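S.K.: If you read the protein sequences in the order shown, they are chains A and B. Just so it is clear: in the first sequence, position 12 is 12 by my numbering, and no numbers are missing. Position in the second sequence (first residue = 1) + 1000 = my numbering.
Take the hints with a grain of salt, since some may be wrong.
Facing chain A, a subset of chain B residues (Cβ under 7 Å, in silico) [said to hold, decoys possible]:
#1 1085
#2 1165
#3 1166
#4 1167
Keep in mind that the hints were calculated from the coordinates and are not lab data. Remember, it's a predicted structure, so these values are computed and weren't measured experimentally. Positions of the beta carbon are idealized from the N, C-alpha and C atoms, including for glycine.
Okay, here's what each chain looks like letter by letter:
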Amino acid sequence: MQYMLLIYSNDPPDHASLPPEQRFAPWMAYSKALREAGAMVGASKLADAATTSTLRLRDGARQVQDGPYAVSKEELGGYYIIEAPDLDTALDWAARCPAAAYGAIEVRPLDAM
Amino acid sequence: MTPCDAGAAVERVARTAYGRLLAWLAARSRDVAAAEDALGDAFAAALRRWPADGVPDRPEAWLLTAARHRLADRARHGQVHAAAAATLLELAEARAAPVPDFPDERLALLFVCAHPAIDAGAHTPLMLQTVLGLDAARIGAVFLVSPATMGQRLARAKAKIRTAGIRFAVPEPEALPQRLPAVLAAVYAAFSAGWDDGDGIAARRGGLVEEAIFLARLLVAQLPEAAEARGLLSLMLLAASRHPARRDAGGGFVPLSAQDPTLWIAPMIDEGLGQLARAATAQAPGRFQLEAAIQAVHSMRPTDWYEIALLYEGLLAFAPTLGVRVGRAAAVGEALGAAEGLALLDGLDGAQAYQPYWAVRAHLLAFLGQDAPEAARRAIALSQDRAVRDWLAARYRIA
């Protein structure tokens, strides 16, 4: 099965004061672990939530709204698509994601259709 | 072979093997609902065929073979989880070997039912339905919701198991401490639902205490090292041993302190004490072992309230719940004096709607020779059980 790990987090405290290599090291290590396990399907960091638009179609008419769909304290900051035999394995990977410690990871199965 | 004999044979297998058959099928299809349908069809086929063909030598294996062919049909039509389809088709091919002693996967099924990704309100109902074969109407009656509502709740949980791809396996030993408490809590919830029977609910809940004890025995047999599983089994055995003494001949409520110990079921007490002793050898105390220890002290007369107060002290560290705090106040009130117990009650927040809080308060005030009409009235108003209401009204002389 394929699962999408959606990363809801803002930058952790003291993030900005760290040199870039320290900021990104946990993410590089995590991505490397996924690749080496053969579980990585795809991943991307998303641009700031402020750049998001949300579209709805109501009675055939488009409603486009500036900003993300869900209003929450954390914003959707990126995702991984991974290959895992079951939800429990996907949850194990989610728990290893650096942002799990200060944000939230949503685990959603991809529709097999 | 008369149809009647064959029908009885089907019923016997359903009673003794339903959970094992379903667990095996669900673990391979990763789909509880599909496994239930297939097994239901297999039982229906047995009712048609056994009266004519005779009951097979190994009825469980016959049912399993019939059910996995049904599942393979679904796999061919793309109606099962993609990851499970290959397994199911392989199994159907292997018809020459009809699984001589199929492994017992009920433990894995219990962990699926109490999986953290499933709504906690569905844990106990799922266990009752899948492992014990209870129908949604009966489970709904236990939890005081309509059969339709319970059916929807169960269907949602099964859809989640299938779509999210929950693993059918007993968690690794290092993950057990995280996963086992939810399983134990769900089993205990079944027991409590069977035990706290209010007006007119008793009959509909009949047997649930036994079902919960059955589940706990299953856990202990398969996880012999899990001290808390033994603690839970011990707790339920010790509590249930007093069942025959809880009501008098007229159906009136008999409080524990007034029960006739000769009515208690001695073998259940012995077994409960034995399980607790074995649990203690692991030196891994926990909530259920401490609650069982409190029940163990209650199984002896005269009651050692000082010991019970000490055990509540220990229990607070594991389960700082309102129920435990009120229980501790009651024990301290008996062991050290009513004033000390009342002081502990006075320090509790958020107990206004909790019946035992008012019952204990009335009891301790009466102990001090004080009138307690307000506490007694509240305890009566919050009682779900008519026998308890009548007993409180008589004791505190409230009309």
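S.K.: Could you tell me which of the numbered hints above are not met by this structure, giving the numbers in increasing order?
M.R.: Going through the list in order, the structure violates hint 1 alone and respects the others.
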